[in-house]
Amino acid sequence: MTSGTASGTALRDQHDVLLADLDGTLYRGKGAVPGAVEAVRAAAERGCRTAYVTNNASRRPADVAAHLTELGFPAEPADVATSSQAAAAMLAERLEPGSRVLVVGTEALAEEVTAVGLVPVRAADGAVAVVQGYSPDTGWRDLAEAAVALRGGALWVACNVDATLPTERGLLPGNGSMVAALRTATGLTPLVAGKPAPALLQAAARRTGATAPLVIGDRLDTDIEGGRAAGLPTLLVLTGVSTPAELLAAPQERRPDLVAADLGALAEPADALRIGPQPGWTVTRSGGSLVLSGSPDTPDPLTALRALCAVHWADGGGPVTVVADGAAAAAALSELGLVAPSDSSATVAGKATAPGAAR
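Quick note: the sequence shown uses full-length UniProt numbering, first residue 1, plus one each step.
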């Protein structure tokens with residue numbers, strides 16, 4: 001890896017702490033994302049440490065750190081910030097010590113409740129609050145007890161509202177799907193501790209003493225929206241959930257400052273990763289479509305994506321059709337997944353037009 005070029009300082013040298021998401025950013029399932037370990041270690045060697053910030057409330061910080069260490073990341077339990085910790089802190093701010101809290105989630109979440117002076121329980125009787133985090137073992141009886149407590153006036157805190165969880169088998173139901181079931185059953189809405197609420201990221205930044213943190217993640221709806229809500233700079237990596245099509249159509253609150261293929265971009269200058277006009281690419285409008293054109297020796301497709309986002313966001317954003325003008329543009333859109341496989345047309349958010357139709 002390089003440490004930057006003449007056009008700017010490497011991104012890792014502009015920040016003192018990386019507030020990095022885990023699932024889909026550093027690892028997928030049991031394996032590290034290719035190049036992620038090397039990127040994090042290289043940043044640490046240059047004085048930029050990593051805090052591991054996760055919406056997953058199912059594991060203890062020590063267990064998360066052990067997993068990260070096994071994969072090769074430099075991690076201690078104190079480096080890990082979880083949504084279960086943030087949820088417990090929210091409860092402690094609002095409840096009297098010794099209050100009974102119904103836990104819908106793992107024992108790791110229950111331990112965080114105990115750590116802040118509250119009493120975790122598994123039944124609705126006497127519970128003044130419900131805290132809900134992801135557990136693969138959550139069932140109907142757990143949700144039923146929570147519904148009884150909530151209808152009785154209990155405070156409701158959700159560790160996160162991620163609808164899905166990335167796994168080796170693909171996207172599976174996340175805590176947000178379980179939260180949605182309770183929302184439907186009760187008509188109530190929880191307070192949210194994890195991303196995209198800013199509390200988790202703000203707490204992680206305070207704990208690390210960061211003066212120039214960078215939020216990194218793979219999800220627009222949690223990592224990027226959370227970073228923006230916390231007032232912090234953000235980097236989207238395309239190694240997990242969010243896609244180029246979703247990025248292009250993203251509403252303002254979910255638009256990252258920087259976008260990269262993976263964490264290897266930490267060695268690149270920030271200006272090279274920023275959304276904006278890109279050498280070699282031209283983006284124009286024809287009717288309601290974006291038209292992308294470029295020369296045969298135009299750089300990698302991500303530069304095209306940054307150029308497309310710059311033009312489209314400046315016009316307000318939202319779902320849009322993208323049309324390729326020439327072979328270079330068609331190849332870039334294909335690699336970005338902005339081409340419908342059935343008819344080789346460029347598409348975003350379900351719209352499609354044949355390449356070259358808008359000139």
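The hints are simulated quantities; they were obtained by calculation from the structure and are not laboratory data.
The reader is advised that the hints may include incorrect statements.
Said to hold, decoys possible - Beta-carbon label-pair distances, calculated as ranges: (1) Glu107 x Glu168: 19 to 29 Å; (2) Glu253 x Leu191: 16 to 26 Å; (3) Glu111 x Ala314: 20 to 30 Å; (4) Ala123 x Pro97: 42 to 52 Å; (5) Asp16 x Ala123: 37 to 47 Å; (6) Arg285 x Glu111: 48 to 58 Å.
Glycine is no exception: its CB is placed at the ideal position from the N, C-alpha and C atoms.
Hints and how they fare:
| no. | hint | in the structure |
| --- | --- | --- |
| 1 | Glu107 x Glu168: 19 to 29 Å | 24 Å, holds |
| 2 | Glu253 x Leu191: 16 to 26 Å | 19 Å, holds |
| 3 | Glu111 x Ala314: 20 to 30 Å | 48 Å, violated |
| 4 | Ala123 x Pro97: 42 to 52 Å | 21 Å, violated |
| 5 | Asp16 x Ala123: 37 to 47 Å | 46 Å, holds |
| 6 | Arg285 x Glu111: 48 to 58 Å | 55 Å, holds |
Figure legend: structure checked against the earlier numbered hints; hints not met, in rising order: 3 and 4.
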